[in-house]
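Trainee: Single-letter residue listing:
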Amino acid sequence: MTEPILELRGVNKSFGPVHVLHDVDLVVRPGEVTALVGDNGAGKSTVVKSIAGIHQIDSGEVVFDGEPVHIPGPREAATLGIEVVYQDLALCDNLDIVQNMFLGRERGKGGFLDEADMERAARETLASLSVRTVKSVRTQVSSLSGGQRQTVAIAKAVLWNSKVVLLDEPTAALGVAQTRQVLDLVRRLADQGLGVVLISHNMNDVFEVADTIATLYLGRMVAQLPTRDLTNTQVVELITAGRSGDIGLAKPEVATV
Amino acid sequence: MTSTVAEKPTEDDTPRRRPLRLRLASANTLWISLVLLALIAVFAAINPGAVLTLFNLQTTLIETSVLLVLAVGMTFVIITSGIDLSVGSVLVFSGITSALVMNAMSPGGDSTGAGWGVITVGLLVALVSGAAWGLLNGILVAKAKIPPLIVTLGSFGAALGAGELLTGGSDVRTVPDALATTLGSGTSFGVVPNLVILAAVVTAVGAWLLGTTKFGRYTYAVGSNEVAARRTGIAVTRHLVLVYLLTGVLAGLAGFMSLAYFRTTTLTSHSTDNLNAIAGVVLGGTSLFGGVGSIIGTVVGVFIPAVLQKGFVIIGVNVYWQPIAVAIVLVAAVWFDQARRRARNSR
Ligand SMILES: Nc1ncnc2c1ncn2[C@@H]1O[C@H](COP(=O)(O)OP(=O)(O)OP(=O)(O)O)[C@@H](O)[C@H]1O
Ligand SMILES: [Mg+2]
Chain A
1 MTEPILELRG
11 VNKSFGPVHV
21 LHDVDLVVRP
31 GEVTALVGDN
41 GAGKSTVVKS
51 IAGIHQIDSG
61 EVVFDGEPVH
71 IPGPREAATL
81 GIEVVYQDLA
91 LCDNLDIVQN
101 MFLGRERGKG
111 GFLDEADMER
121 AARETLASLS
131 VRTVKSVRTQ
141 VSSLSGGQRQ
151 TVAIAKAVLW
161 NSKVVLLDEP
171 TAALGVAQTR
181 QVLDLVRRLA
191 DQGLGVVLIS
201 HNMNDVFEVA
211 DTIATLYLGR
221 MVAQLPTRDL
231 TNTQVVELIT
241 AGRSGDIGLA
251 KPEVATV
Chain B
1 MTSTVAEKPT
11 EDDTPRRRPL
21 RLRLASANTL
31 WISLVLLALI
41 AVFAAINPGA
51 VLTLFNLQTT
61 LIETSVLLVL
71 AVGMTFVIIT
81 SGIDLSVGSV
91 LVFSGITSAL
101 VMNAMSPGGD
111 STGAGWGVIT
121 VGLLVALVSG
131 AAWGLLNGIL
141 VAKAKIPPLI
151 VTLGSFGAAL
161 GAGELLTGGS
171 DVRTVPDALA
181 TTLGSGTSFG
191 VVPNLVILAA
201 VVTAVGAWLL
211 GTTKFGRYTY
221 AVGSNEVAAR
231 RTGIAVTRHL
241 VLVYLLTGVL
251 AGLAGFMSLA
261 YFRTTTLTSH
271 STDNLNAIAG
281 VVLGGTSLFG
291 GVGSIIGTVV
301 GVFIPAVLQK
311 GFVIIGVNVY
321 WQPIAVAIVL
331 VAAVWFDQAR
341 RRARNSR
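Quick note, the sequences are listed as chains A and B, same order.
Counting from 1, one number per residue, gives the positions in the first sequence under full-length UniProt numbering.
Counting from 1, one number per residue, gives the positions in the second sequence under full-length UniProt numbering.
None of these hints come from the bench; they were simulated from the model.
Every residue, glycine too, gets a C-beta built ideally from N, C-alpha and C.
Heads up, a few of these hints could be off.
[Unchecked claim] Heads up, simulated DSSO-like pairs for lysine-lysine below, C-alpha to C-alpha not over 27 angstroms straight-line:
1. A:K49 / A:K163
2. A:K163 / B:K145
3. B:K143 / B:K214
4. A:K49 / B:K143
5. B:K145 / A:K49
6. B:K145 / A:K135
7. B:K145 / B:K214
8. A:K109 / A:K163
9. B:K145 / A:K109
[Said to hold, decoys possible] Now the in silico label distances, taken between C-beta atoms and shown as ranges:
10. A:S128 / B:I40: 30 to 38 angstroms
11. A:D246 / B:A235: 29 to 37 angstroms
12. A:D58 / B:R340: 42 to 50 angstroms
13. B:F215 / A:L225: 26 to 34 angstroms
14. B:L149 / A:D58: 48 to 56 angstroms
15. B:V227 / A:G60: 43 to 51 angstroms
16. B:K145 / A:Q87: 19 to 27 angstroms
17. A:G146 / B:I315: 48 to 56 angstroms
18. A:P17 / B:A158: 37 to 45 angstroms
19. A:R107 / B:K145: 26 to 34 angstroms
20. A:N12 / B:V121: 52 to 60 angstroms
21. B:A45 / A:G146: 46 to 54 angstroms
Please put together the full structure from these sequences, using the hints given.
Mentor: Structural data, given as structure tokens:
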């Protein structure tokens, strides 16, 4: 089994008095799709944002490529090779596709922008993702459909030679065909050797592309197991009750009566 | 012959095919430019003799120069979805500190005969004074997260108050002759006022900064979606501070220009500069919601009130109609912008 590219060990995170993540462990291996599932409010997005440097963890360790790392901000995460597609996408409506894809990491010497170079790279990336729905890479993002925006957000993440890509519900707003495309893309990213974390509420999608499934229940990681060892029913139980048979949280005392 | 400019290689390495944002902005700019041309045409038709005389053109340009410099800074601020009400007061304050320092450096406290050394120091003092107020605005807006309307309303009052404290409430009227006759009332190439040249240079640099550099791109990004900008690692707080700082420096420069032109610190005549600058910027198609705008638009927008003013004089309409006319055009421009946004959001 390959060494993990990214690992969380005993991560805790509170927002004021609200303890959101409790001793969360997570292992992400290169070449694998790790699904992160859990009910609304379980803490999935918080895990992603903690890895991305948007939130600072209170305790625990983030290990990247075997080294414990501190990620103070998005720029540092990007430098390590961690890219994120956020649940709310976080695109600038008034900028076009190219400008969004390169935002914060524009090409060009000094303070200047090399528009031609960026435009070419953006077009190539979209082509490599077999995206044919956007007519021009100079289209303003505000005029794109939900699915197209999602595609741009994903293209933005894979444009860089990243090692880990975290996708927070990337198919939530998509139709059948575009969901298909995104899932294929997720699989392809893993096959290229990236560590991919996929957050989704759709069990069919999860079982289709994930190699392992990690379940959060009320901020606790109750199980991370290979997909082949799990059934759909078990995962649903883990999500809703934190426990399924012998897997997950220890049986509460009352249940043994 | 409207063939493909896009395919032709250009001297600079930015492609000619402009981003949609710019094309939309210039669509707005196009409209307002047409309005400007129509105004000029109407005034010219009514009184062909007066409109295009050199003197009219010169005075219109001169009177607009100082406002244009303020409006260039204001464009950046408004694109970040902020506002700066303090520019007129900062202009006055910077003129005062500059004049006071130049006087203090001259024999007898009268800088009328001062040389270029003193004038250079005066310029630096004006710029630094503007920068200080801009920095203060920026820190309060970006770091303390106080709404820009409140912060700059505060510095609008404070900067003027501080200026009046420094002078005891009366204007400083001693300004170096060398400054007044060159920058103030001098011309280059025979007919072009130096004040206008300086304003044009500032405008060109502003347009270049906004259109072709990372600084400009981040200005649009911050105004468009601050959270997204932060998540891509842009130092949003620092950028906002810099934008307000830039606006402050330009207000300082405008103060120096005003000092050179009027030969006095004009304490009482800048209370509506902020509104005039904002009106110009918004007329030029820059959105108060942030993320959209251009310097070219601002240039056109700033000239509309000026042309209306001149035009009313020329055709003999009571000049008190000018603010009313400007108000109508302004409200129409913002209404147009909002209608456009609604159309976009309901897509
Ligand atoms: N910035 C914040 N400040 C305070 N509380 C927060 C913040 N972000 C998240 N929370 C809380 O943390 C908990 C977990 O939220 P999170 O967004 O991680 O859930 P999620 O698993 O991604 O849910 P969903 O499936 O709905 O996206 C929620 O109770 C939420 O209210
Ligand atoms: Mg979430």
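Trainee: Taking the hints in turn, state whether each one holds.
Mentor: Consistency of the hints with the structure:
For the given pair, A:K49 sits about 17 angstroms from A:K163 by alpha-carbon distance, which is consistent with the 27 angstroms threshold. Only pairs whose Cα atoms come within 27 angstroms are accepted, and A:K163 paired with B:K145 is rejected, the gap being roughly 36 angstroms. Note on B:K143 and B:K214: the hinted pairing holds, with a Cα-Cα distance of about 21 angstroms set against a maximum of 27 angstroms. Under the criterion of a C-alpha separation no larger than 27 angstroms, the hint pairing A:K49 with B:K143 is consistent with the structure, at around 22 angstroms.
Distance check on the hinted pair: B:K145 and A:K49 sit about 23 angstroms apart at the alpha-carbon level, within 27 angstroms; holds. Restraint check for B:K145 and A:K135: the C-alpha separation of about 40 angstroms exceeds 27 angstroms, so the hint is violated. For a cut-off of 27 angstroms, the pair hint linking B:K145 to B:K214 stands: about 24 angstroms separates their Cα positions. Under the criterion of a C-alpha separation no larger than 27 angstroms, the hint pairing A:K109 with A:K163 is consistent with the structure, at around 26 angstroms.
For the hint pairing B:K145 with A:K109, the CA-to-CA distance comes to about 33 angstroms; that exceeds 27 angstroms, so the pair is violated. Range check, A:S128 to B:I40: about 52 angstroms between beta-carbon atoms, so the 30 to 38 angstroms window is missed. One distance hint, 29 to 37 angstroms for the beta-carbon pair A:D246 and B:A235, is violated here, with the actual separation near 50 angstroms. The supplied range of 42 to 50 angstroms is met by A:D58 and B:R340, whose beta-carbon atoms lie about 45 angstroms from each other.
The supplied range of 26 to 34 angstroms is broken by B:F215 and A:L225, whose beta-carbon atoms lie about 49 angstroms from each other. Against the hinted window of 48 to 56 angstroms, the Cβ-Cβ separation of B:L149 and A:D58 comes to about 36 angstroms, which falls outside the hint. Roughly 25 angstroms separates the CB atoms of B:V227 and A:G60, a value that falls outside the hinted 43 to 51 angstroms. For B:K145 and A:Q87, the Cβ-Cβ distance of about 24 angstroms falls inside the hinted range of 19 to 27 angstroms, so the restraint holds.
As the Cβ distance of A:G146 to B:I315 is approximately 53 angstroms, the hint placing it in 48 to 56 angstroms holds. One distance hint, 37 to 45 angstroms for the beta-carbon pair A:P17 and B:A158, holds here, with the actual separation near 39 angstroms. Remark: the range hint 26 to 34 angstroms for A:R107 to B:K145 is upheld by a beta-carbon distance near 32 angstroms. At roughly 58 angstroms, the beta carbons of A:N12 and B:V121 sit within the given window of 52 to 60 angstroms.
A C-beta distance of roughly 51 angstroms is found between B:A45 and A:G146, which places it inside the suggested range of 46 to 54 angstroms.
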